[in-house]
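Position chain V relative to chain C; hints supplied.
As given, the protein sequences belong to chains C and V, one line each in that order. Everything in the first sequence is counted per the numbering used here, starting at 1 for the first residue and increasing by one. Everything in the second sequence is counted per the numbering used here, starting at 1001 for the first residue and increasing by one.
Don't take each hint at face value.
Stated by the list, open to error - Quick look at which bits of chain C chain V covers, simulated, 3 or more residues with Cβ under 8 Å: (1) 62–69; (2) 75–85; (3) 97–108.
Source of the hints: derived by calculation from the structure; they are not laboratory data. We put the CB at the ideal spot given by N, CA and C, even for glycine.
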Amino acid sequence: MTEVGAGAGSGVLVGGEVDDGPLFGARRDEGVLMSGHQLDDGGRAAGEARRRLGERQGAVVAALVGGGGVPEGFDAGRLRVQARSLVAKRRSVVARSRPEVAAAAGEELAVLFAAYAAERAEPPSGYRADADDFAEWLRRQGRLPAARRSPWWSRLLRR
Amino acid sequence: MELRGLGIGWRAEIDLTVERLPGVDFVEVVAEHIRPARLPESLRVLRARGVPVVPHGVSLGVGGADPLSPARLAHLAECARALGSPLVSEHLAFVRAGGVEAGHLLPVPRTREALDVVTENVRRAQDALPVPLALENVAALFGWPDDELTDAQFLAELVERTGVLLLVDVANLYTNQVNLGLSAVEALDRLPLSKLAYVHVAGGEEHGGLWHDTHTAPVPDAVLDILTELCARTTPPGVLLEWDDAYPSDAALETELSRIAAAIRRSS
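If we strip away everything but chain C, and leave its shape as in the complex, we get:
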């Protein structure tokens, strides 16, 4: 087994995106949804198809991560399985990127993370935020020691 951390050097961002863009998020990705006239070919028909596709996919994503209802015709049970799988994925990324937080949750990590995820009103804005929010949630539960008090001037150094 390779040495932990060895070689994980320059240029590697574990569990995050290069452009620090959101993996989850309430804000829109770059670019506004284009209307049909900006497409090369297919014109209005493809533009309308694109709009409809966006709506339908939006309803599915809302059902999976935003507490939305199951869209018409979908298998509710399967969407539930998918939603749980998404939470499990977030949990494993948090565990990888913040092992001390996962360690604090101990054997109950799966249950605790699921409870935290269920309590959220909105999806987190990225894996880093997810890890921070989970850590804060654990602290409120008394499962993680409060963050050490930093000197008053350290606020000036934060991003």
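Coordinates of chain V only, in the frame set by chain C:
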């Protein structure tokens, strides 16, 4: 530079393992995890040895309705240039909609209407990339109520319209056979394998009658059987093992590669 032989997903956590593993002919790296201007030393070591490295994107959302992000496309292009890659791969999936990130590769409705949109997206991506694009079939836990085409039919149409290459993930074919009743062997018959760029294999887990494509377990025999079927239909290009977490010993990974090699040999 064509992809041949056996590959493994390069991950920072197992970078030395990947460098030391015998019989690795090519690797793949998640594009979002690297900065082209500051490549990890391990990838530079592999490149110096002449090992092909393929950037594999996971967040482009080719199957989505949003116009493709120029920044994400540029990043993929830069990765390909920095690594001297023969191609770039991504997925036939959507990852965001309505301004919200799903955090996962989700299946596209397999309808002719969606096909028109995805065709447009693929052309945009191809225009932005300096090397060919290969698209991967994804694992699905659910289908859409108005699915008209199989995975293979949808991809075949896409290849016909755009010339996009295929990254056939046999574990995902298995997943969709179990979860959606889409026959893996029929998919292999339908897919234009002359456009096959390379192949993925991976392990997973069964829960409640469904197959979960976890990439954290040995490749099951049923998946290796599908690989054998694929290799019986075409000269196999590279076959790459995906393992993403809970890494086993180096010896266990070596065993997986030899099991994959044996499955390929069984096709002749």
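Hints versus structure:
{"no.": "1", "hint": "62–69", "in the structure": "holds (count 4)"}
{"no.": "2", "hint": "75–85", "in the structure": "holds (count 6)"}
{"no.": "3", "hint": "97–108", "in the structure": "violated (count 0)"}
In summary, the one numbered hint that this structure violates is 3.
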